[in-house]
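Start from the sequences, fold in the hints, and give me the full structure.
Here the protein sequences come in this chain order: G and P.
Mind the numbering: the first sequence is residues 121 to 448 in the working numbering, read in order.
Mind the numbering: the second sequence is residues 121 to 448 in the working numbering, read in order.
These are computed hints drawn from the structure, not numbers from a lab.
Please note that a few of the clues may not be correct.
Since the list can't tell identical chains apart, any single copy or any two copies may satisfy a pair.
Unchecked claim - For lysine to aspartate or glutamate, the following EDC-like pairs were computed, each having C-alpha atoms within a straight-line distance of at most 16 Å:
{"#": "1", "residue 1": "LYS132", "residue 2": "GLU360"}
{"#": "2", "residue 1": "LYS249", "residue 2": "GLU170"}
{"#": "3", "residue 1": "LYS132", "residue 2": "ASP348"}
{"#": "4", "residue 1": "LYS432", "residue 2": "GLU418"}
Protein chains: 2
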Amino acid sequence: MHKELLEDIGEKELIRRLAEFMPKNQVSDDCAFVKCKNKNLLVNTDALVENVHFNDDSISAFDIGWKAVASNISDLISSGCNKIIGINIGLVIPPKTDWIWIKSLYTGINRALEHFGGVILGGDCSMGKERIISMTAIGTQGKIKLRRNACKPKEIILTTGIHGLSKLGLMIKSKNVFDNNIFLTKNLINKSLQQFCQPKLNPKFLKKILNARPNKSVKTIGCTDSSDGLFQALLDLSIESNCRAIIDYTKIPKHKDWPQGNKWDEYYFFGGEDYELVFSLPRKWAKNLLCADKTITEIGFFLEGKASVEFKNCNNENLLKNKSFSHF
Amino acid sequence: MHKELLEDIGEKELIRRLAEFMPKNQVSDDCAFVKCKNKNLLVNTDALVENVHFNDDSISAFDIGWKAVASNISDLISSGCNKIIGINIGLVIPPKTDWIWIKSLYTGINRALEHFGGVILGGDCSMGKERIISMTAIGTQGKIKLRRNACKPKEIILTTGIHGLSKLGLMIKSKNVFDNNIFLTKNLINKSLQQFCQPKLNPKFLKKILNARPNKSVKTIGCTDSSDGLFQALLDLSIESNCRAIIDYTKIPKHKDWPQGNKWDEYYFFGGEDYELVFSLPRKWAKNLLCADKTITEIGFFLEGKASVEFKNCNNENLLKNKSFSHF
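As structure tokens, then:
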């Protein structure tokens, strides 16, 4: 197939082409202009680096674009964002990159924005040795603030969905050999690939929380997303809020075909990139929410005490010896 | 000297250390929270890449930090920003990077922010093969919009200062051999190094423009910065506003010790990274401003016609054959 390398296209033409992915009023100026009356802002940056966060063998340019948007906007949602304004993109690419790769990336970015809200506001593009997408998302703060440090003892711990799927999707995509004796159902494989390639978010989460609120005086609740895995999310909440998280292993929501065993528990708790929300609410509020939304699950509660994550009804004693991942 | 490599420090500890450069209320959460009542926003991203925009031989980590802030905030100022809110940093670094390099970078960033306004709001940090600083700056839009496409025929073209100094500073730093017969004065060398390493901006520019405004009905004026060189700034204004820029070569403000000759004209017009403002105003407004501020210079005017940059009173015919630089 005919390749159009960036070094042949040139910087000016590249900028012109990228501008076609943006709303017309953003183009031509030194920086982006955003109408924003009477609102406080939430701002988040995530950098995706080739061979650290993605490579050509396991994920397409379209899906990288989608995931870059999803991971950024997930952080806004988990802070209580009620409206996504848009994103700025710092793109670094080697001169030998084919234009079709960048076009697919930006198409994936725009498809995700159509899904979750917001537009491309602007950005910068530069040459470099490896491909990097540094994305900054901006949204407005809704009526209540969701924060990592706002969990309280006696509150119920809840989550919006199933974990581990994205990790399994990555393993299937990168043809990692796992236990050959395990049979994976077609449904589990499809769900996992979907979750890895084009994860869905919970853009209506704040609305659901507000609708279930029994007491309007509460303005902040404890929340984060599971981008670094369910265990890390629980650990972050317990450390920042300084409470003990007690998790009932039997209540953890798993895909109906999820295999049993230590390895599968590890994928479940430490996999990451599922972008589900992990949060805590006072008992009555939690009860209202659980009645109104069957996709949300109660998985434990917080107690006073030294920050920790403890499991009950769990046979896998080694689970907690594992630590969250680090890129370094 | 004892080195502390990032791979030994680990990601968690790095994040903790970087948090010390941020205001306390920003730390610990998924994303940054910004109070922003009743204001429209300006957002700008610039990516600085090792061996494309900087290398250890010619610039220190402190100065890279300062310049990253300066180039970003310059774009906000040249759009009519009246208040810098802050910046988000997407940092990519090889695991063998010494902590002292990052510490100096962030110290430079914070020193520049103290100078120009704003704070570090948040960011993300990841491993990569080469060092990259992708910075997104956010500010609020002032009373009038400064835009590249708002120049009009018959308006006076002005600039806030001297060009070429940063280019000369880079050449001195990187020990590029130029004409050995030229004697550079100490004052010119010092000014050039200062402009290259820690460029100053014009944070009060909008105020000066507003104070000189004879007619409050005008809400937009044509403006950009000279980050890609004076010639490119003029070309951008003329293309986006669709007018002919006529530049009087004899009016161009040069450092008193700037040497003569074709090469030096080239450094002057195509050097880049001086972050002066290049803009146009109706005659009366320009006159008021020139009376009130002696650092601002009239250098030409716009005419109706096909977008172009033309020089009068200039002997250097080859000057316009040169084109602006491209990173690809």
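Are there hints from earlier that the structure breaks, and if so, what are their numbers?
The structure conflicts with no hint, since it agrees with every one listed earlier.
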